[in-house]
Amino acid sequence: MNNINKLSLNIVVPSIVFIVFFFLQGAVFFVEYQQAQQKLYKEKAQYIKGIAGNLQTTLSNSLMRLEKAQAQNVVSETALDQNFKSIAVVDHNQQIVLSNTLRKKYMFAKLQLEHYDGQLLNQVMEKNEFIFQYNQYSQDLIVYAPLQMLSKGNSLNRKFNGLIFIRYSLTSAITELRYEALFSLIKITVTLLISLFVLIYIMNRFIILPLNKLAKSTKLSDLNNQVEIDQSGLGEIGVLQHTYAALSEEVTRNLNALSASEQRLLYALSGARDGVWDWNIDQDSVYYSERWKEMIGFKQDEIDDSIEEWETRIHYDDLFLVLKELQEHFTGKKSFFESTHRIRCHNGEYRWILSRGQTVSWDANGLPLRVIGTNTDVSNYKKSQETLSYQAQFDAITQLPNRSQLLVNIEQESTRAKHNDLYGAIIFIECNQYKSISDLQGNYRGEALLYAIARRIEECKTGPDFVAHLSGSEFVAILPDLHQNREHAAEMALEFTKKLDKNLKGIFDIEDEEITLSCAFGIELFPLIDCNAKDILRQSQMALKFSENNHFSNISFFAKEIEETIQARHNMQKKIQHGLDNNEFSLYFQPRTDASGQLIGAEALIRWFHKTDGWINPADFIPIAEDSGLIYSLGDWIVKTAFEQLAQWEMLGLPESFTTLSINVSPKQLLQVGFTDSIQHYLERTQADANLIEIEITESVLITHKALAIEKLNKLRKLGICFAIDDFGTGYSSFSYLSVLPVSTLKIDQSFIENLMQDNNQKVIVSSIINMAESLKLEVVAEGVESEEQLQFLIENGCTQFQGYLVGTPMAKQDFQTLLFKKQ
Amino acid sequence: MKLSLLRAKRLTALLFSLLLLGACSPYERPLTVGAAPWPNFELLFLAKELNYLPEEQYSLFELPSSTSVIQAFQTGKLDVAFLSLDEVLTLIALGIDLKVVSVIDQSTGGDALLVKPEIKNLESLKWRSIGYENKAAGALLLDEVFTLSGINNQTIQLFEVKQSEAKDVYMQGNIDGLIVREPEKQQLLQLGARELLNSNILQQRITHLIVVREEILRSKEPQITYLLKRFYEAYDYYQLHPRDALTTIAVRLQMYPYLLEESFKGTQFIQPEDALLRLSGSPSNIELQANQLSNFMTQKNMLGKIPDNFNSMISTRILESVIYE
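Line by line, the protein sequences give chains D and Y. With my numbering applied, the first sequence has no gaps in its numbers, which climb one by one up to 849 at the end. With my numbering applied, the second sequence has no gaps in its numbers, which climb one by one up to 1746 at the end.
Worth flagging that the hints you see were computed from the coordinates, not collected in a lab. Cβ coordinates follow ideal geometry from the N, Cα and C atoms, glycine included. Treat each hint with caution, since some may be false.
[As the list claims (entries may be wrong)] Sample of chain Y residues facing chain D (criterion: CB under 10 Å; computed from the structure):
| no. | residue |
| --- | --- |
| 1 | N1472 |
| 2 | L1579 |
| 3 | K1583 |
| 4 | V1590 |
Work the whole structure out from these sequences, hints included.
Right, dumping it as structure tokens:
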């Protein structure tokens, strides 16, 4: 199809004209030739018939006058036409009488005359019939004409006794006709061809050449410069040339503008050192500019046009983001594709590339077909950005996070602490001498000192702790997740700070000079309601300001009540220690009776009379003693004192009903290494009867340290000591351990007894405990019995032993001793 | 563009050559040749019988008498005619453009005055009737008769009898003497006629020629040359196989071969080389003859005017081709 379109009009138009003319002329020629042949046949037939008619007359006359020579003359002269193949006169005997060919005379007609049909002789003679034939095959006209040859006297009847045979050939005439027709066809064809050449010349001169010229000037490469267009064409060609000239001018102007713009763009691109990529999604090919490849260290021919060349070089960590960006651009969420990612270079290193692109064509379904974009090498920018970012977050001198990083961390930890319901602490640290050292001994030395301080602080920190440097000698430490309890958390923070303080007090060896520092610390706990990171930091800094006039000399809490609480606890601890040293503690004994009201035992309870503060409630000092470890000393004192007292009473002669002296042992004490040894030691020293001693333990220790507890209990049991579960029912109250522990008594917590009569549920619980104990063959002691009703209920339900104000308040040694021996 | 023009030029050249080819070989009518019976003319028909002449190129007309030949040539029905010199002069006088291309023979007794057997001499012809074809041969013989016998056209009855009619006329017996030529001469002799005079005694020889219409000579020279060649070949055949040739010729003329052989004796065949000599030169032998004959014929009122440049009517080219090619 294209090839046909490319054919010159010079060939196409004349060819069409020639073909059309050829076929039309061919048809006309054929029809005319047929008609001419027909006409020829008719003319010749007429002619031959005329000749035959003439011969009939002239020959008949001559022959009847017996002028045979005359007749022969007539025949010969008539035959002076080469188309007469035969003119002969045949008589009734089929003998040729006259012939244009003399040698045939007097011969037998049937043998000598070609195409002569002898059978027609009679028909012609008798019926006087003129027979005319046309032999299609030989193209002969044949005539049989009757002829009167002999006179029959005077008779009017004409008697035909011969015939004239004429054979006239149309061959030459037809051939001539054919030649003439062919000749005329050739003439017409030549005329046509000449006309065609004239046509071609005219077309060429006035249409094709101007058009070709025009076409040559249409080449875009030439259009950058103004093209001279020949405008001398005729008619429509002229119009076309004019129009084209105008168009060309316009196009040239636009092209120049475009080219200038393109140059600017190219200049900009090359100036920006950006690589260009052009992704034809439809054809799955990408054009990568030379700079694109050069950027990652490849030569022009080392990267082909597949998208994989790019994709496979993207850093694994960035690939997901790049694809996401692309996806977002393709789905229309973002009008631009923009991604900064790493691409693997020729040498295996990665470079940071900023790739920007935009879809420039879409298919009918709105899917992208082509995306064009640029790649910019942002490695250097990225590096400096990282440095900046590091510098923004880290302090250059100490290599510690800076203020901004600190604030972020505080914010995070604060949020986390809120979520975990734990308290953390922030400690503001300042070294007092730094400024003077820095001023006097130079900046460099100051920086070295700061670095050393930072390292010392870091030495103290544990896993999640965070240390930052602010300005000058200001440091901040964050201790997250300290404790659920705020005071405990504060305590732990204080411990850490003290450790830090001690560490920082060590000698610094800076360039062969020993420096000793003293630091101040400000502590604030978090989370704080309605406080952000800055607030928390500021409060810790404020806490620092108060550190000078502080209980802990150089350590200060922002929250004063905490500080005071801690201070109080510390004081209490000191007092306990002092109390122990000065025998300020004493044992009181609370009676235990059976259902009949008989004294069957007592519970030893510690009491403290301070010389200035008066009586101090055990609830105030026992927890502090437990927290601080003073409980060991205190517990040891109770055990020792109780044993001594029992031994003394034994010597005085205990009543038989008195079976039990119970002593409270804190879990810490029980679990203390060497507890059983100390019990054994005191037993041996005091010679107290171990079988009278009952140690009260809480359920919690059995739950948390079951194996260790069981082991210790069994050891002590072997000594003869009994055990009671104190405050039974308030803890987990698991029955499982009851079967495996050497426990003999359950003490129902007084909280059950207190509301026993008002609360039906309490009754059920208490009676259940009693029933169960009974089943397990355990003694049950009801504590806190304060009314007769309670007592009555308990007795009715099978409880055997009672404690409480109703049966006896705790009393001093002398009072109890009086009671003990009075009854006796 | 240039290529297509070049191609077009080539195409044009091709078409023009085709056209020329077409112009060169349009339908060509056969060459029409005619002759009346005369011994050496029969060689023409012999050539045809020997298939020397292809039918599509040569159309031979068998005409009964010289008059018919002249008429046919005159009316353009013949391209080539075999005639006697006087007949040629007659045609020239009529303004027919022709060329004499060869000389065939001379009558050495072939033309004769025959009379009924009872007439014994020329003088006996006085007041008798003589039939002749109004031609130079007849006139020359008649003139000789007048000269020898003293008879003139006042004392004799003259009738026009054409060659082919001679036999019929003689048999009807109405005419006493007939000036005839071969082969009728032999036929009449066979019928008992007496020969009183023949062309042998004539000073002026009766010469037979081949003439061609001028325009035909120009357009069909090779064809004419070929015709002459074949004519002379037929003569050669006659020389080599006289019996065969005579028999063949005799069939056409409806006579016995031995009579025909006699007929040939009344002629003197002129070989082509000799013929060329007679036609060549200025004035040529033929021209001299023609001048002489035309003078005679003018005297006898047989010729309207004397052809002035007979030499220009002669073309030796054909004969040269026949001899040398």
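Against the structure, the hints come out as follows:
no.: 1; hint: N1472; in the structure: 15 Å, violated
no.: 2; hint: L1579; in the structure: 19 Å, violated
no.: 3; hint: K1583; in the structure: 7 Å, holds
no.: 4; hint: V1590; in the structure: 8 Å, holds
Checked against the numbered hints listed earlier, the structure breaks hints 1 and 2; every other hint is satisfied.
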